[in-house]
Structures are given as C-alpha cells and as structure tokens.
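Residue numbers (the working numbering), protein chains in the order written: chain A, 1 to 298; chain B, 1001 to 1197.
To be clear, the hints were calculated from the coordinates, so they are not data collected in a lab.
Incorrect hints may have been included.
To be verified - Straight-line alpha carbon distances no greater than 25 Å define the calculated DSS-like cross-link-like pairs of lysine-lysine that follow:
| no. | chain 1 | residue 1 | chain 2 | residue 2 |
| --- | --- | --- | --- | --- |
| 1 | B | Lys1023 | B | Lys1094 |
| 2 | A | Lys271 | B | Lys1094 |
| 3 | A | Lys37 | A | Lys193 |
| 4 | A | Lys193 | A | Lys271 |
| 5 | A | Lys202 | A | Lys282 |
| 6 | A | Lys256 | B | Lys1195 |
| 7 | A | Lys61 | A | Lys163 |
| 8 | B | Lys1057 | A | Lys282 |
| 9 | A | Lys7 | A | Lys137 |
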Amino acid sequence: MPSKPAKFQIVWLQGITCNGNTHSFLNDPLLGSLLDKVRFLYHPILPSQMSLRELVVKIPKSDLLIVEGAYRGDFERGGAVMEKLLPALAARAKNIVALGSCASFGGIFKEASPESISGIVYDKSEATGPLAAMREKVINLGGCPAHPEWLSFVIGMMLNKRKVALDELGRPKELYAYTVHNGCLRNDYFEWKVDSRSFGTKEGCLYYEQGCQGPFTHGSCNKILWNGVASKTRAGTPCFGCTEPTFPKTDLFRTKTYMSIPSEMPLGVPKRSYLALAGAAKSFHIKRLEERLIDDHS
Amino acid sequence: MARPSKEERKVSIMTKALELFSKEGFYQTTMPSIAEKIGMSVGNLYNYFASKETLAKELILYIANMLGEEIRRINESPLDTREKIVAIVHMYFKIAQERPETIEYFLRVYLSNREVFREGCEGMICVSAFVTELMIFFEEGGRSGELRDQDFFSAFGLFMGYLGGMVFLNGERILPNALESYEASIAENIYNALKAR
Ligand code: SF4
Ligand code: SF4
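In isolation and in its complexed conformation, chain B is listed as follows (with noise of 0.2 Å):
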C-alpha cells in the first residue's frame, strides 16, 4: 500500500484533532493526547504543527473555508433572498448533524477561547471566508430590496446567533424535537425578523 502524503497525514491530523477539541475543550486536549488518537509520536506530530496553537488556528481556517464555501454556493444560485435563508439554515444544520464538530469547534473552541486566536487570528481573519460570504448574502438581500437596509453585525448576529443557539441547545440534548425539524420556522423567523417591511 502506497505511504500516505504528507498533505494526507495532515488532513488526517486535523481531522483527529477537531473531534478531540470539539469534545474535551481547547485546554484540554493536549499534543501527547492527540497524538495517542492517531498513533503517532508526539516528536512527529510537532513535524506537522508546531504547537497547538498553530494546529488550533489551522482548524479555524478551514472550518470557515468549508462553511464559506457552502454559502458561497448558495450565493450564486438564482434563489431569491427567502430561499437562500432556507438553504443556508438547511446546510448549517445538516453540517452540525454529520459532522457535528465543525460546529462545535466553532462555538466550542473558536468563539469561547479568544485568547489563544488573537494572533494570526486578528478580529475576522481566520473566519474571513465565511464572513465574507454572509457579507455578501446581506449585501445582495439589501440591494435587492429584499432585505431592511440595517447594519450588517446586527443582521449577522441575528442570523448566526440563532442558528448557534439552536445547534448548541441541541448538542445538550435539551431540545424535544430533532434539529431539523426546526428549520423551516426558523428560517421563517429569521426572514421575517429580516425582510424589508
């Protein structure tokens, strides 16, 4: 069997660690620990991070690339601003129910442990992918006409809040129903707390 590339290794690498930061916390999870998952030395694991903080931020970085590229997706299709609403609440739950730790890290590691991303992260550089896009979904909606003219974290935080609310309280285990069965009212909620009036 072929040796796996060292890009593999490293795909392998993080996607080992984001279940154990998604689940035991930043402080945590420890480089010895990881390694342990993976089977591999602690001494070769530093060949591919060079400490958890880098390995922390790695994460960060693609998590936003692969959730700016979802809406990034939806974006460009020819729904209008209601339907994008229900597409982008639709993936983002779809993404925390299979692969729950991107999610999780997000809420979990990302947002409540600022300190350890402030640098090389400044502010929105590590998550500028998604961001972005959501710019860009806001900025359309509201060029459209679509949406009420209003400033965009105000509309972001809505948007983003409830939706990280949702999956957190899910991730509890607090919630009555499955995720999904939310979805349609709660993009209803955001489109109507949204919409121009």
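In isolation and in its complexed conformation, chain A is listed as follows (with noise of 0.2 Å):
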C-alpha cells in the first residue's frame, strides 16, 4: 500500500503579540479544508502534536513557520529566550511566514521599547532584525490584524510548491501590490475631491478630513474584503496604513497637511500634477455626488 504522502507540517511560534492574528485565521472559511492538508506540530490554540515545552525542547524540522508577534531577544517561551529559539527553529524551517505587522515590523509593541522590539527579518523598514541573513526565506504578512486569507492564500502556493513573487519589503506581490485605495469604492469621491462629512456613512471619501491612508498603504483589503463582506473603508472608517512598516502612525483619523494642503501625495504622483489635478477637480460641483446615495426619508 503506497504510504500517504506526509502532510505540511507547520510550527506557529508567538513573539510578544495580542493573538490577533491567531484569532483572524481562525475565522478564515477555509480553514477546515486547509487543516486536511496541514499538520500543526505546534499551535498556541488549534490542536497540535507538541507542547510548548516539547517544541522548545525537540526544536523540529519543518515545512513552515509562522511567527506571530513582534521580537525581543530576551523574551522568554516555553523557557526558552527567543534570541536562541528563533534562529534554531528558523534554521530548520523549509519556509518562513512573519504574521502581521508586529513580526514584519515591530508593529505596535515596538512602541513599547523602541530599542529592543523589531520585526523578525525587519525594523520597520530596515533589515537588521534577528533573522535578516535568511530574508530570502521570510514571508511578510504586514497587517493588523493579517487578512487570514492572505495566510492561506501563501500556505496554498506552498503546498502547491509554486513561487511567490515578494515586493521590497518581503511581502506578497499578489496581496500587496495594489494598495487599499483601488477597489476602494468611495474612489469616485476622491477623484473629485468630495469629502465625507462624517464617519461610518457611504458618501465622501475620508481622505481629506479623516487621514484615511488608503492611498498610501499597500494591502488588498478592499480585494479580499474582511470576512468576505467589508473593508475599513466600505464601512466608513479610515484606513490607517497598518500593512506599512510605518505602522503605528501617531495622530489617526488626520490628514497633515502645510496650507491645507496634503503633506503626502498619493503614492508615486509628483506633488505639482496632483495639485493641478486637485485643483481642477475641485473645481467642479457634481450633485450625484453631494448628495445622499440612499435618501432615507423619500
């Protein structure tokens, strides 16, 4: 009897984190056909063949690892530090995810200490984290939380052993290289420069008064939309840039800007054009687009 072919095997290891990430790939809907086809040594919250304390101790081989959570060198699982547990286990990890923005680039803990916290290949956006020599190998899922299909989407191509093509940052060029403002759908109001007056309506772009940083932020979430339904943005929230090594910008919800003028252009247009172009639109008043989409009271 032909044995079955060995299952990917996977170790999830957590950095200092909120299990944000762990808890979004649990609502991914295909989780249940991905775990036919993977086998978790270690996971902090899905059944698993290790412990905590065995995975430490073993240190084993495998196909994946994800790490979740930002890195510090001293900070201890399973008794083990991770400045010695993270190079072992990634030494004999075939493939490497960093899972959301804390393991791509410090994220949000980083603030906490900035000296000390970084990401696994990444600070922020300079390679000199513990594992910058096999950055080859990294996986970068900026995010906060990372979409859970972002992470099947790369489990799939591994398992599939297809390439997948990487941006500067390590990140997924099918999942990264547009940025949140294509498919945004308040796109028609940022061409025109209308505003949106207030939060969590579908009129207006949030641009201008809210500092939505969709133009400037690399991420598919309104491709792959969250929990197959919304985006920031469709429910009318600013996007606030967190698959960026940027990420945590101070002062949310505010574009900055020098005489009223934005302080940042979208992203690889020159700042005379767009003013040009701004100008111009502004320029026009378009009733569709002043007006309410769904008038409540007719």
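Join the two chains into one complex using the hints; note that each chain is given alone, in its own frame.
Set out below in structure tokens:
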C-alpha cells in the first residue's frame, strides 16, 4: 500500500503578541479544508502534536515556521529566550512567514521599547532583525491583523510548490501590489475631491478630513474583503495603514497638511501634477456626489 | 518674406486682443473691433477663434501659464521663503509695468466677468498653472516652518489681494510714487503677515 504523502508541517511561534493574527486565522472560511492538508506541530490554540515545552526542547524540522508577534531577544517562550529559539526553529524550517505587522516590522509593540523590539527580519523598514540573514526564506504578511486569506493564500502556494513573488519588503505582490485605495468604493469621491462629512456613512472620501491612508497603503483590503463583506473604508472608517512599516502612525484620522495642502501625495504622483489635477477636480460641483446615496426619507 | 504660420497669427491676434480687452473690458470689445485692429476680416478671425468667449478663455490660460512659469522658476530656486516673497513681488510688479495688459486682463476681465468663464473655465481650471505654483510656494513655506500654517485661501488672498490691489491703484494713477518703490515694504508686510511666530 502506498504510504500517504507526509502532511505539510507547520510550527506557529508567538513572540510578543495580542493573539490578533491567531484569532483572525480562525475566521478563515477555508480553515477546515486547509487543516486537512497541513499539520500543526505546534500552535498556541489549535490542536497540535507538541506542547510548547516539547517544541522548545526538540526544535523540530518544519515545512513552515509562522511567527506571530514582535521580537525581543530576551523574551521567553516555554522557558527559552527568543534570541536562541527563533534562529534555531528558523534554521530547521523550509519557509518562514512573519504574520502580522508586529512580526513583520515591529508593529504596535515596538512602540513600548523601540530600541529592543523589532520584526523578525525588519525593524520598521530596515532589514536588521534577527533573521535578516535568511530574509530570502521569509515572507512578510503585514497587517494588524493579517487577513486570514492572505495566510491561506501563501500556504496554498507553498502546498502547490509555487513561487510567491515578493515586493521589496518581502510581501507577496499578489496581495500587496495594490493599494487599499484600489477597489475602494469611494474612488469616485476621491477623484472629484468630495469629502465625507462623518464616519460610518457611505458617501464621500475619507482622505481629506479623516486621514485615510488608503492611497499610501499596500494591501488588498478592498479586494479580499474582511469576513467576505467589508473593509474599513467600506464601513466608513479610514484605513490607518497597518500593513506598512510606518504603522502605527500617530495622529490617526487626520491628514497632515501644510497650508491645507496634504503633506503626502498619493504613491507615485508628483506634487505639482496632483495639485493641478485636484484644483481642477474641485472646480466642479457634481450633484450626484453631493447627495445621499440612499435617501431614507423618500 | 515668408508668410506667418497659423500659430504665429494666433499669437499676434491674442496680443492685440489682450490689449483691447484689458483697456475696453470684455463687453466693449467686439470681434469686429479686434479684427479691425489686426487688419484682418472678421470672417477670418473666426477661423482662429470660434467665439469671443473662446478667445477670452485662451487669453486667461495664456496669462496663467506665463505667471505660473515665472513663479515656478522662483519656487525651484534655492531662495528661502522670505526671499521668494521678494522675488514674487518683484516679478509681479515688473510684469505689471512692462506688460500691464496681462495683469489688467486678469483683474478687469477674468475676475470681473466671471459669467464669461463659467463654462470651460470652471473654478480654478483656467488659472490652475498659476494657483498650483502658489500652492507649492505656500506648502513648502509651511513645511519648512517659515510660514504659519493656515488655510491656503486665507494666505493666497492676502498675498494676491495685496499685489492686485496695488497694481489696480497704480493703474488708476492713485499711487503717489512708482510701483517699484513699494516693492521692498510690500514684501516685508507680506512676509510679516504670513511668517510663523
Ligand atoms: S476613502 Fe481612502 S481608500 Fe477610499 S477613496 Fe478615499 S482615500 Fe482612497
Ligand atoms: S484597511 Fe488599512 S488599516 Fe484596515 S486592515 Fe487594511 S491596511 Fe489595515
């Protein structure tokens, strides 16, 4: 009888984390079928073969090491310091995923101690983290949390032995080559510079007054929707750029301006051209965009 | 002698029309009066410009581009914000002296007959080259911390309103001294009004 092919073995290691990516992953609608194809040697919540203690002692080989949470050398897991544990597990893993903004770039936790906390390859956008030397092996899935389907996409590619094309920060292009602005239903408003008057409504763009980071943020939030139905901008909240190394920004929900001119231009757009276009767009009053989309009173 | 090209003809029509419009105003100036001034038949004039409105819009575009180009040069120079203000005031008054019809047109035709420019020149469209450069000037001044952060139009109005006002007074021969003698103090006033405290 032919032996069953070995399952794809995954180790899920947590650094300093809020568990957000774990919980996000549990919402993956395809989790059931994925679990048929992979085996967790260790996962903090899902049934797995080893206890944390065993993981730390045995340092098993794996097909994929997923790291969730930020890195600090003296942080302990199962009695072992990260400084030793992470490189040891990484050396025995075929692939590595830094899951979420903390593991990718340092994220929120880095704010507590900017000197000692970083992502596993990147410290913000500098490749000076503990696994910098093996960065070719590491895929970064920035996001706070990362969308569950971003992770299952990457695992699926690995299962099918397909190469994942990465951007200069090690993020899969398939998921991060777009900006969040791309696919946003408010593009019409952005184009004609019609601003949203409040949070949570369907009308208007959230850029000018509410500081939406959609035009500067790489991510597929408006293409691969959250829970299959929404994204921040669809729900009426500005994107705050959680997939980027610059996250977290301070002063969210406000667009930094100088003399009421946005300080940052949409990616790749020269300031002069943007201002000329924006000035022209603002010259029009388009009734369709100034009215409620759905009038409750009619 | 080689016949002037269509483009050259167009420029000479615009130059003459600009003089007439800025002196007589939009409504007093007619297509026949323009044609007569150039020594061209009215019918031929319409070959170049389909209507008086079209001509008027091309003129404002031309002036805004010219002023925009001048300010762009100043924006791209290594001057600090204070020196840029001096340079812009100087440039504006120089044009007002040497080519008064351009500034006059801006003030007396474009700003005073908004209804003519409603379609095709909505809002800032026809003066975009000029306004954009001032946006860049103000944005950079704000970014470098030299100018106080405020609404663009409050700053823009202060700057251009002042310059326009002086040119207007000069045109009306109300100013006791030559326009350029006010340059330094005007630049100083503008800088003091706009600078960060
Ligand atoms: S709300 Fe944000 S993402 Fe949407 S169009 Fe405006 S700037 Fe772009
Ligand atoms: S919309 Fe922006 S803030 Fe929200 S998850 Fe996507 S990238 Fe992060």
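Check the structure against each numbered hint from earlier and tell me which ones fail, lowest number first. 2 and 3
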